[in-house]
Amino acid sequence: MSELTVESRDVGDVVLLYPKGFINAHTVRLFEGALQKAISLKQFKIVVNCAGLSYIASAGLGAMMGAIEEIRSNGGDLRLASLNETVQNIFDILGFNHLYRTYASEAEAIASFGPAHGAGA
Amino acid sequence: MSELTVESRDVGDVVLLYPKGFINAHTVRLFEGALQKAISLKQFKIVVNCAGLSYIASAGLGAMMGAIEEIRSNGGDLRLASLNETVQNIFDILGFNHLYRTYASEAEAIASFGPAHGAGA
Amino acid sequence: MVRAPDRVSGREESRRPPPAPSPAARVPRGRNKPSLILSLPSETAYLGLVREVTKKMAEVGGFAEPVAERLSLAVDEAATNVLEHAYKGATDREVELRFEDRGPDFRVELVDTGQMMDPRAVPQVDLDKFVTERRTGGLGMHLMEKIMDSVTFRRSARRNVCALVKHKTPLGEEPPGR
Amino acid sequence: MVRAPDRVSGREESRRPPPAPSPAARVPRGRNKPSLILSLPSETAYLGLVREVTKKMAEVGGFAEPVAERLSLAVDEAATNVLEHAYKGATDREVELRFEDRGPDFRVELVDTGQMMDPRAVPQVDLDKFVTERRTGGLGMHLMEKIMDSVTFRRSARRNVCALVKHKTPLGEEPPGR
Ligand SMILES: Nc1ncnc2c1ncn2[C@@H]1O[C@H](COP(=O)(O)OP(=O)(O)O)[C@@H](O)[C@H]1O
Ligand SMILES: Nc1ncnc2c1ncn2[C@@H]1O[C@H](COP(=O)(O)OP(=O)(O)O)[C@@H](O)[C@H]1O
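Taken in sequence, the protein lines are chains A, B, C and D.
Take the first sequence: its position 92, counting from 1, is numbered 93 in my numbering, and each next residue is one higher.
Take the second sequence: its position 51, counting from 1, is numbered 52 in my numbering, and each next residue is one higher.
Take the third sequence: its position 121, counting from 1, is numbered 126 in my numbering, and each next residue is one higher.
Take the fourth sequence: its position 35, counting from 1, is numbered 40 in my numbering, and each next residue is one higher.
By construction, these hints were calculated from the structure, which means they are not laboratory data.
Derived lysine-lysine pairs resembling DSBU-like cross-links, with alpha carbons at most 35 angstroms apart: (1) D:61 / A:21; (2) B:21 / D:173; (3) D:93 / A:38; (4) C:171 / D:61; (5) B:21 / C:171; (6) B:21 / C:61; (7) D:173 / C:93; (8) A:21 / C:38; (9) D:61 / D:38.
Chain A extracted, bound-state conformation (with noise of 0.2 angstroms):
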């Protein structure tokens, strides 16, 4: 009974990660490790497909928010596509929309970065 797994792929210049099952404060360190091996690849195109996040609790959030400001300073972004119910839910509730850029898709989140991605893979 697997908590959480994160799987990476990427498409050109931009990671797409894929958590499955829930972050809360047990499973945070695993999603954590994910983001920051992102940014020692200096891979800072990053997309989080939540299709498979049933979850995220505040530990979750506060992994995103430890690592946003070193994305950002070196040209990049972290990017959310197809939240669930619940996740855009808490995302509503903290006003998460207007820190982070949500897409319906993971095309439109990798499409987002610019006319050059996506096409590659």
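Fit chains B, C and D with the ligands to the known structure of chain A by using the hints.
Just chains B, C and D with the ligands now, kept in the frame of chain A:
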């Protein structure tokens, strides 16, 4: 939050029942009612499609037990299709495979009543 | 329908009052395992909750999902019996379920203040006779005993206690993984 | 980070000890609503169970699924804070969660024997400053207060009690459907 619904559909002279949800002592009356309705309409060839059935407790098995003699003594039978792992498991524990015929698919269960059926609809 | 006398003894075995507490039971608080007490009105509407809570506690106790599903069926059956037989359908009474993770044992106790269990009332299940005799009862106890390692009933302080126990580790095997 | 003083009073409101029991709280046993007590070791591994049990109890209490999801987030956050702040990560302690369905209120109490809550330690959330100041904390309390109708902390008999309350019926509206 509906815990059980039971839809029905006729295919030739076979009646198909679609329990959706779970059958326990709380919801069993609805399932029993569907069986009794088929009997009162003299539809004795019954297939219970269990694809939407997540769980069945002894109350539900008792409901089948309470109807089977009348069904069989009128030349019919009650057969089951598409049991999920949990429901199959309960059948195995009780040795119900000796009492009821089960089929992997609805089509097979319908066909088991004879070559005339299934084409109609 | 009363079961055949020659099979009484084997069944009685699992229903006699439990012996002195096992070493695990003597471990005081701080045993570092989850425990849960659920108090419910005696209404069948809550059986769904009973099943889901049991399944979660079993999974947290280390049982794989299919086993947790079966354990939740056994507890559903025990609770159903309390509502139907101990309380005879009255909906204004209370049932208490106690879940305890005692190291090697997963243990659930159901406590009610209703009519006492009469072990002689429990029919022996004979599948062959089910159809011809139009039998519909007896399946619940049968399932409980097939699923659990032990099913015992005792009466104390005007309460009925039905205790269901499942060993986590069949002797000589590895403990189940999370 | 300490919150700005001018916003202290509004927050303090929801943290003062609860007043005398409300009429609903005085109803004795047999109140005919489910209640649940969950005792857990202080390990984050059990936060998933906390969330699922909360969601089920909220649904049984009559809240629609999206609301039940939010309530389970608030209780997850409260439990996480107990583990991280009251127990400072020690995993050999115990947390108790008490769920009570008091007619118009859904009430969850978390009880621990760890370090006392210092309300002044709770930062005020200012989203604009989050990014520039590299802030990562304060979101949990903020979520709890946004989701619940009241969040109070009290200390009694060397225990900390965090009480979360959600009214079922906004004044003048119909009770929520199952
Ligand atoms: N908790 C209980 N209290 C009193 N009697 C019980 C209890 N559980 C079971 N019984 C008795 O055992 C019988 C068999 O129970 P069970 O196998 O569940 O079948 P059913 O409930 O369908 O009759 C019941 O009919 C009842 O007489
Ligand atoms: N149960 C608690 N016991 C002691 N202190 C607490 C508790 N809950 C919260 N706090 C204090 O309130 C602060 C804010 O909590 P929170 O909003 O959940 O953010 P975080 O836990 O990420 O710091 C914590 O940093 C801590 O100082």
